[in-house]
Amino acid sequence: MWPLSESNVASYFKSLIQKPAFLFIIPYFLVLLLLIAYPLYTNFYQSFQTESGLSLENYKNLFKNPLFFKILGNTGIWVAASVGLQFVIGLGLALLLNQPLKGRAIFRGIILVLPWATPDIVAAVAWKWMYNDMYGVFNDILVRLGLINTYLPWLGQPNLAKLAVIIANVWKGFPISAMLYLAALQTVPKDLYEAGSIDGVSTWQKFRFITLPLISPFILTTVMLTVMWTINYFPLIFTMTGGGPANATDTLVTFAYRKAFRFMDFSGSAALSTFTFLVILVFAVVYTRYLLREEEK
Amino acid sequence: MRKIKIWILYLVLSIIALIVAFPFIWLVITSLKTYPDIYHFPIIYWPSEVTWEHYGYVIRLDFLRYFLNSLVIGIGTAVLTIVIAALPSYAFGRLSFRGKRPLLLSILVCQMFPQVTFVIPFFVIFRRLGLINTHLGMMISYLPFTTPIGIWILRNFFQGIPGELEEAAMIDGCTPIQAFVRIIFPLAIPGIAAVAIYAFIFAWGELMFALSYLPSQEMQTIPAFLTLFVGQYQTRWGPLFAGSVIASLPPLIAFIFFQRQFISGLTGGAIKQ
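In the order they appear, the protein sequences are chains A and B.
Here this note's numbering is used: the first residue of the first sequence is 164, the next is one more, and so on.
Here this note's numbering is used: the first residue of the second sequence is 687, the next is one more, and so on.
Honestly, the hints are just simulated from the structure, not real lab data.
One or more of the hints may lead you astray.
[Claimed, not checked] Sample of chain A residues facing chain B (criterion: CB under 7 Å; computed from the structure): (1) Phe187; (2) Phe270; (3) Leu277; (4) Ala280; (5) Val288; (6) Asp303; (7) Leu315; (8) Met342; (9) Gly359; (10) Gly363; (11) Phe429.
Every residue gets a Cβ at the ideal spot worked out from N, C-alpha and C, and that includes glycine.
Here chain B stands alone, though its shape is the one from the complex (with noise of 0.2 Å):
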């Protein structure tokens, strides 16, 4: 009885599983599909022959310079998002000091905010300061939107790291300085690496943004570049599909390692991992 019961529990999840991961399937599928393939009537399902043309004309197309801008204001953000982050988020977690309630409470909302509300300011900030068609300008913009999390997955970190260990470094002889190099930081350098790639990936997905503040083409990120395939009344399926594969890769492994930490930055820590 209860063999069987775990049998139909297989049986129920593998097909859910079917279900979720299919749109992704179809996705690569059809990236490797030949144009008659993709617009045969009715559809199939199996390309009759497996074709790399799509990814060899994303290619073709400069996709290595969009990859670039992209890796470029992803690296950019997650410096930028670590070095604002580190010191209140250790402050945050293990000093006490007044207002830190409140203080808590504004990262909180924070993070919550529409994007929209800052797509017009930005807009002309940065037309003021120069900064449009920047990746500068892109990094600043995505700050209000990691460096809150940022903070907060950091703190669970350093909240995370007992006291004693500090204290039995300095019983051992360390100063207190010592202890943070020593013990502390090195303790909290998983975090540090969350909350880096959470900040990149934030980058390398965004669209708004992304479609907003650079208007010449050779700055684009990759999502913007995709959406060029996308037309009003025809789509070009084949290399959107190319670009998008190579596009999910480097989220799906940060993901794979990070979801936790990305959860608990996401909720403020709602649900305790």
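This is chain A alone, in the form it adopts within the complex (with noise of 0.2 Å):
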């Protein structure tokens, strides 16, 4: 290849394009085998390990474990209600963004990229010393706004920590979801309320009659796909809470990384990472296919 001018590049080309097209697709090939089949066999694996053997030992205790029921639990509250704000938030903000409006990219750079950009660990610690009791910015405007008496220990009481982590997630998560709604809104052509408009119809019976159900296969795919990122999302709850007070905001991936990597059962915690990547993997094959069905269409 070097050096690298155009007849070498060329010329490397060459040699490749003549062969079947597959040949171009060895790299990723590899990446599959090596880096990702591999890793997660060695996982499932690992799973099934024991002292004594081979057994679905590891299995059981999981299952036997109440702690286990609770996390998942956890992991059903941290994502509905992720999921469902940042459904609520993002189609709310994309219709107000989708109007037209002068200075509207300084909104959207401001709203919808600001939180998103921002590394998950500067997230998490900037809302940490929100959250924070006796200096926390977050106490001191509810304090003034009326809404609370007193300050709360947001991150110290099990309710208000769960809520807490929640609330950081929705702020970290819900621009992606309202470009895709953004994106969405901007495929609904716009002589329907042109046409709407003429016949009369409200701006809430344009929205219910005429964007929803243009826009509702979007927000099918947009909502499984935050489903996942929110049950994978660990940075923030690990930084933040690291799991506590007493387990109440450990999610299944929390749990799983400390179960290895403070409390060294890796067999444990391949166990419930696998059952983790089980649970993804549901999510994943009705998603592609949904989407890749849409794209037939």
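Hints given; two lone chains; assemble the complex.
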């Protein structure tokens, strides 16, 4: 390849291009086999490993442990609340930011890019500080607005901590939902609204009977994506609460991580992460099949 | 009436923008406060005096080293991602072959796998291969997450280049290879840049693997370094926030320019932009 001249590059590609397209795919196959399939297989294998050989022991222990069901419930709350709020806020903001308006790009930049671009760890520590019971700005603002009377220990009390990490996650995650809904809104033909206006249809009716039906496939795909991302999302909870207090904010992934690297229970962690993987796999397969079907339409 | 409506819209959007930007603004303000201001009760919103001491402190703590570690891992991940993604994405975008559809499906499925499922296997594999505590190991561990998205972004790019361009070039006497090198490749450069930057930002902000595979402090990246300030009982907010502000700058700049490509990659083109 060196020195990198056009004829060198060209002859390199010539040798490749004359063979079937399959050769082009080889790099992807290598990643797929060595860096995806093989690690997944090792994890799967590890999840059956016990001191007395291979057995279902790790899974039995997992499903016998009441903590597992608590964490499963936590994950359910974390996902349902985060995704639900991101859907409502995301769609609402997409509708607002879809209005023709001067300076729209600036609003889009601040509202839709800033939280998304902030590194996970930075978002986590910024929120952790805002939630500080004594010096945190969150309590101060809520008291000033008269919403609470006394300062609350946001990350110290189980239910508040659940709420706190969900709020932080909604802040971090709503922009991408909003962007996807914004893109979806732009696929709705404008003349439909004009026709609606002539017929004297109200704004709500336009939304309900024109916008919503046309963007519903996009809503479905976006919600499924956010569900998967939220199940997988690790750094925020890990940094803000470490899963505490009393496992109140532990989800499948934070618990699996600590099981491995705090408690050194690799096999137990492998069983839990295999379980998580299977949950995601179901969503991912349904999502991609739906996506490819839509693409073919 | 219409004017009033527009002003209300501006007002609402400004309030929302303020609320959304607030955590970040607060981060910057706190990083410029003196300790008496940070731990002032009741809290004060505007610093009584602006100080750069936390920035100085973080830089004296060898921040440059972690910055360089992050830079090396980020650039390495970006280069490897491009090298791996370039040819498959060209095939997926412009050639037809048997098994294309299931392979495309596998790309979409793979990019959704939870990171936590890979954390133990890579640990075990890296320990065996002596890749623990190496930057190369970190780069490799990021590839399962950056290459599928990279292939997808680049595929969209190759697909978007009209086939007539190649044909026209060939009519003008170019060979197919010359057409690729002269016409298609230069047109895909923005896509390659988007993929490189996506991979860089992914590595730049990644926490779980960085905490797990880099036990010695001098190899650590910025996110892992920042967690050192988050203690179980006491957190040193000043330097933590100064470091956080610096760490946020590269991704903020990148996202302003490449948000569209990132979105199409992340969603598998669920929505055509």
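Item to check | Interface hint status, phenylalanine 187 of chain A versus chain B (Cβ within 7 Å) | outcome: 4 Å, holds
Checklist entry - Was the hint right that phenylalanine 429 of chain A lines chain B, CB cutoff 7 Å? => result 6 Å, holds
Next on the checklist: Can you verify the interface hint for methionine 342 of chain A: is its Cβ closer than 7 Å to any Cβ in chain B?
Outcome noted: 6 Å, holds
Item to check | Restraint satisfaction for aspartate 303 of chain A [CB to CB of chain B, less than 7 Å] | outcome: 5 Å, holds
Item to check | Hint status (Cβ of valine 288 of chain A to nearest Cβ of chain B, threshold 7 Å) | outcome: Because about 6 Å separates valine 288 of chain A from the closest Cβ in chain B, which is inside the 7 Å limit, the hint holds.
Next on the checklist: Min Cβ distance, glycine 359 of chain A to chain B: is it shorter than 7 Å?
Outcome noted: With a minimum Cβ separation of about 18 Å from chain B (threshold 7 Å), the hint on glycine 359 of chain A is violated.
Next on the checklist: Just to be careful: measuring from the Cβ of leucine 277 of chain A to every Cβ in chain B, is the smallest value less than 7 Å?
Outcome noted: Status holds, d = 6 Å.
Next on the checklist: Min Cβ distance, leucine 315 of chain A to chain B: is it shorter than 7 Å?
Outcome noted: 15 Å, violated
Checklist entry - Against chain B, with CB atoms and a cut of 7 Å, does the hint on glycine 363 of chain A hold up? => result 17 Å, violated
Checklist entry - Once the shortest beta carbon distance from phenylalanine 270 of chain A to chain B is found, is it less than 7 Å? => result 5 Å, holds
Checklist entry - Against chain B, is alanine 280 of chain A within 7 Å by beta-carbon distance? => result 4 Å, holds
Checked against the numbered hints given earlier, this structure breaks hints 7, 9, 10; the rest are met.
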